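S.K.: So you can see what is in the structure, the chains are spelled out below.
Protein chains: 2
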Amino acid sequence: MPDPTPTLHSFAGGELGLWRVDAIARVIGEPLTRVPRLDVRVGSSHTLQQSAWVLQGTSSNARYTSAQEQESLTRIQAGLGRPEALRAALIPIRKSPAWWALAQDQRRAILEEQSRHIRIGMEYLPAIARKLIHCRDLGGEFDFLTWFEYAPEHAPAFEELVRRLRETKEWEYVDREVDIRLCRGRVGSE
Amino acid sequence: MPDPTPTLHSFAGGELGLWRVDAIARVIGEPLTRVPRLDVRVGSSHTLQQSAWVLQGTSSNARYTSAQEQESLTRIQAGLGRPEALRAALIPIRKSPAWWALAQDQRRAILEEQSRHIRIGMEYLPAIARKLIHCRDLGGEFDFLTWFEYAPEHAPAFEELVRRLRETKEWEYVDREVDIRLCRGRVGSE
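Chains as they are written, first to last, in this note's numbering: chain G, 20 to 209; chain V, 20 to 209.
Derived from the structure by calculation, the hints contain no laboratory data.
Just so we're clear, the structure is a prediction, and the values are computed from it rather than from any experiment.
There may be inaccurate statements among the hints.
Looking from chain V toward chain G, a few residues come up when the C-beta cut is under 7 Å (computed) [to be verified]:
hint : residue
1    : Tyr83
2    : Trp119
3    : Gln123
The beta-carbon is built from N, C-alpha and C at its ideal position, and this holds for glycine as well.
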């Protein structure tokens, strides 16, 4: 069961942080400035002074997942911070006003019944661990920050996952997306 | 159709504001300090310095309403700020961790199929205008701030609406609720 307590997550792009930035690619809409490193804080915030940009949001309750899906996810998914998960991706996304004007049942139907978002993600568990951070209600530039962690040998699977999601009906409503790829050394080896 | 653009709403209890506070009642959980007036700002924020307390949140997309329900609501509901709406209520609510741990389909089933929240609210339209402000992702003390406006002759209907909602299954998950009653004079008469 996902922890439903809202917890602030802050991602600062700049000179500091555990994660080295391998690439920042604009997928659609306005890009983000290239930075050498990403610093991630859970439970507290960054100030902009020390960073080129800061993206913030909260982990929160699931918005679409059914009880049955939640049970399957809980059974197979892995946590963040596994020692072998030396690759990560931060993919900030904004959806269009047309998406947000849809009713709950219409958004659910596009997200899962048409696009199989939850089911596709599940195929890549436990290899690709994932955390969804909500930022729409916080008034940020993006609606979501999606964070992924995986071992280097699962990089091809991650590319496939991202490609499949971007081909869905749901993604027609994405009007801004930036794809930030990250890596870190093993603890003690850097 | 509700406007899905998130807009900050800020409610400051203190010495200033259009609305005179008639009563602040604790329904469950921790109360809020009694203040003489409430100042409401849309699109900007208050600082705490000039107020006893400030509650903030964003109007956002609907989380449970189906397309069909949304269509009915849009057809019959009235906007805020009607000249005859001289009474208002601000009812901040927090739901329990048990509620937020439920999956989307479980929360929807309790909210509407069991508790008839949307349907009950609809019975009081257009007399009782209503706006839901979300604050859970902002990390505030409450999860929602519900704002109601009505003409003095609809005060008994409003009491009935509030009583009926508090008797529902959904309300068993409410672990903090404060009920703030407000009034204002006609424009030009105060």
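S.K.: Next step is simple, just say for each hint if it's right about the structure.
M.R.: Comparing the hints with the structure gives:
Using the Cβ-Cβ criterion of 7 Å, the hint placing Tyr83 of chain V at the interface with chain G is satisfied: the shortest such distance is roughly 6 Å. Interface hint status for Trp119 of chain V: upheld, as the beta-carbon distance to the closest one in chain G is roughly 4 Å, under 7 Å. Satisfaction of the interface hint for Gln123 of chain V is found here, the shortest Cβ-Cβ separation to chain G being roughly 6 Å, below the 7 Å cut-off.
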